[in-house]
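Line order of the protein sequences matches chains B and E. Each residue of the first sequence is one higher than the one before, starting from 158 at the first, in my numbering. Each residue of the second sequence is one higher than the one before, starting from 3 at the first, in my numbering.
Among these hints, one or two may not hold up.
Said to hold, decoys possible - To spell it out: a stretch of chain B is covered by chain E in this simulated footprint if at least three of its residues, at any positions, have a beta carbon under 8 Å from a beta carbon of chain E; those stretches are:
id: 1; region: 180-187
id: 2; region: 201-212
id: 3; region: 282-290
What the hints assert, rightly or not - Facing chain E, a subset of chain B residues (Cβ under 7 Å, in silico):
id: 4; residue: R175
id: 5; residue: L191
id: 6; residue: L268
id: 7; residue: L315
id: 8; residue: L318
id: 9; residue: R319
Please keep in mind that the hints were generated in silico from the structure rather than gathered at the bench. Built from N, CA and C at the ideal position, the CB exists for glycine as well.
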Amino acid sequence: VSIDGEQVHSGIGREPFREFVVAHGAHLLRVAFLLTGDRSAAEDLRQEVLEGLYVAWPRVRDPFSYARTAMTRRAVNRWRLRARRGETALLGDWLRPVPDPAQSVVDRSSLVQALAELPPRQRAVLVLRYFEDLTEADAAAALGCSVGTVKSQTSRALARLRGVMSTERTTDHTTDHTPRTSAFERATSGGS
Amino acid sequence: MPIDDILDEPMAAEVRAAFTALTDPLAPAAGDADRMVRAGRRRLHRRRAAATVSAVAASAVLGVGTTATVTAVWRDARSLVGAPTPAPSPTFEQGPYADLYRQPTRGDLADEAAYLAAVVAAWDASHGTAGSSLTSGLFDDLRGAPHVVWAGTTPAGPAAVVAQPAWWAQRGPHATSDELMVTLVGLVGVDENGAPKVVADDYQPISAWFVDPGLTTLVVADLGSPVSYSTGWSQRPDGTWFFEEKPVQFHDGAAVIRLPREVDVCAVRLTTAPGPSTIAGAPDPDGAHQPRPVRSP
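With the rest of the complex left out, here is chain B (with noise of 0.2 Å):
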């Protein structure tokens, strides 16, 4: 079968696509997830990406950033498309209770809130950065964008988050005199 002049055998060959989603498949989950916030939403992400790595096999050298660079991009500007379908909320699983084998859950803190109200470039600049463990430089390039905004959103984004933190610590102060631990701790503490 021949596309655009490109030799295309379906599912024939395909066998190191099916190793790769063996190998990375998890991880690429956990990515979409933190991008989306929303487990459905990034399941769907995921596969939509995947589809098209299956399609674009043969010409991609680099199938893991492929994948990573084109979730980022889609996520980003997902918040435009759930905005043409009235849609005006961006929050979804991260707020809920997500129980793991020891039953902890991540509840509602101030950090997890303030991570999920984050605009989707910034949340993704974090997740590149934090989670993926990459240099400005690389971020900017799975973004499309500059590596100055990758800095800013960066920096704008940690404010944010510092903001809040700040703000949640000076209440605990005057409010609560028990040994303080971080919003972060407590959503993290399995419910203890």
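Dock chain E against the given chain B, drawing on the hints supplied.
Showing chain E alone in chain B's frame:
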């Protein structure tokens, strides 16, 4: 270490930990890889069918329409399989910004030749300096001349929307098969001294930018679709909450929005949904979308 990095590091560590905690429980369902292979195979079949139908339809159209349709099909198919890049046309006539090139400069500063020259100079200089999109390798092939789409006066100083075709060709370790002609659009606002400065540029169809470092004034380019904006949740004196979307009023190619000081700039949202509309109370019954007080920046 820069002071900003010192301030950011503790927060970055908390973010890292939060991300790990949020995602640790996540895992794909059993049979995930086989399901993805089947989904990919279905996508490939759909694309084959679509490419065939589109090619037949294109062959039945004459003149300019033929060129446009065939080009669209070609771009779609090429983006799927990453075929070798043909020589790009220097004229970019497709995409969400296409109309921007077909109109003269608008705005109350459209006839100010000296200002327009300063805008173009700032634009050209920005894309030749470190930290711009150019150095990331994404837009090292700008085509033609920059076009000042709109130039006008705002409360934060003069501003201009600029567009220029660019050949998108990713390189480096994160390269994908994306190679196509795109439009780089940006806003020339003002720096701390009031001089023209490119404050943002992007290839995506984003049409609103803050003019000034203080984030007090928004310019929204008129791309032909209605746009509404909101400034987040607000609270009435009686304690009830509401979320209001107001229609953006365009004039002569753009809208200038001066944000009240009490507005949280992080809560500003623009949508293409028609306004006005007002939502009362928390929109999500499970409480996931709790309103919050308006805070000062």
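Structure-based check of all given hints:
| no. | hint | in the structure |
| --- | --- | --- |
| 1 | 180-187 | holds (count 4) |
| 2 | 201-212 | holds (count 7) |
| 3 | 282-290 | holds (count 5) |
| 4 | R175 | holds (5 Å) |
| 5 | L191 | holds (6 Å) |
| 6 | L268 | holds (6 Å) |
| 7 | L315 | holds (5 Å) |
| 8 | L318 | holds (5 Å) |
| 9 | R319 | holds (5 Å) |
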